[in-house]
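Undergrad: Protein sequences, first through last, are from chains A and B. Numbering follows this note's numbering, with no gaps: position 51 of the first sequence is 51. Take any residue in the second sequence, note its place counting from 1, add 1000, and you have its number in this note's numbering.
Hints may be right or wrong, so weigh each one.
The calculated lysine-lysine pairs, modelled on DSS-like cross-linking and capped at a C-alpha distance of 30 Å, are [to be verified]:
1. B:1070 <-> B:1053
2. B:1053 <-> A:136
3. B:1053 <-> A:138
4. A:138 <-> B:1090
5. B:1070 <-> A:136
6. A:72 <-> B:1090
7. A:138 <-> A:72
I should point out that these hints are in silico values taken from the structure, not numbers from a laboratory.
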Amino acid sequence: MALRRSATELCISIDSRPEHLPRLRTVVGCLAADLGMSSEEAQDTKLAITEACANAIRHGSPDGAGSGVTIKLVAGRGGMLAEVTDHGDGFDVNAITVPAPAERAGGMGIPLMRALSDRVEFLRNAKGMTVRLVKKVKGRITRRGVASVRNKRQRI
Amino acid sequence: MEMDLRILVKENGGVPVIELGGELDAYTCSRLRDTMIEVIENGNPTVIVSMLKVEYIDSSGLGTLVGGLKRASESNGRIAVVCTSPQIRKVFEITGLVRVFPLYESEQEATNDLKTKVA
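Next up, chain A with everything else stripped away, as it sits in the complex (with noise of 0.2 Å):
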């Protein structure tokens, strides 16, 4: 994707507990709405991206709490961009399995950001694990849609 350089670029850092994931959703709506996102479109962007913040808390946190989770967050016409890395291990994403429905019990969190992206990455680096989102919008992008972007810009 494509995303404009006077895109909206958000970074948020959070300790790792998942209480904080309303407040990024939150966050995630904002943008969405600012983009002229359908709701369709806003809900799964919500979703995609708080699967894979729960996923960095849940299994990318050797140390609790304290290890932390950064979004990065990227707004343009296109669509939007995240990034999500925390500080664990990593994994193979191609080793994970998904389990029978009736056992779903977990598993379904790669999934639902698959089928609810455009694009997904799973990037492994030094540091920890880098989930990388993209979706795009499909609708037609209001006036007031782009606008507000474009005002968010100035004021940032």
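Mind docking chain B on chain A? Use the hints.
TA: Only chain B this time, still in chain A's reference frame:
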């Protein structure tokens, strides 16, 4: 910031109903788990979970429902889910859980079906 999951336990035609409202996610799902355990262990293994007022559910919330179903099944019970939100139904479809949980449009429809199957 207040975590927004509302839980009300009630009854419809003799079947216990756990009515949820708000957001069911990694933080709030433990409250649903505790409620399901309490209802099932009180001798009500067949339960309706009403999600008509749920605005958001993630994989942790779904996993909690699966855990509740496992516990209910041990006592020959079932979990019926009431849900009309297209977004939430979509999450059940993506994860394949539409094949695990019967989804109903109303609590009454769920109650009628559960009673028919018991009879």
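Undergrad: Tell me if the straight-line CA distance from residue 1053 of chain B to residue 138 of chain A falls inside 30 Å.
TA: Holds. Residue 1053 of chain B to residue 138 of chain A sits at ~28 Å (cutoff 30 Å).
Undergrad: What's the verdict on residue 138 of chain A and residue 1090 of chain B, does the C-alpha distance respect the 30 Å limit or exceed it?
TA: Distance ~18 Å between residue 138 of chain A and residue 1090 of chain B Cα, so the pair holds.
Undergrad: Between residue 1070 of chain B and residue 1053 of chain B, does the CA-CA distance stay at or below 30 Å?
TA: 24 Å, holds
Undergrad: When you check the alpha-carbon spacing of residue 1053 of chain B and residue 136 of chain A, does it fall within 30 Å?
TA: 28 Å, holds
Undergrad: With a cut-off of 30 Å on the C-alpha distance, tell me whether residue 72 of chain A and residue 1090 of chain B pass.
TA: 27 Å, holds
Undergrad: Taken at face value, is the distance from the CA of residue 72 of chain A to the CA of residue 138 of chain A at most 30 Å?
TA: 22 Å, holds
Undergrad: Hinted pair, alpha-carbon criterion (30 Å max): residue 1070 of chain B, residue 136 of chain A. Please report holds or violated.
TA: 38 Å, violated
Comparing the model with each numbered hint stated earlier shows that hint 5 is the single one that does not hold.
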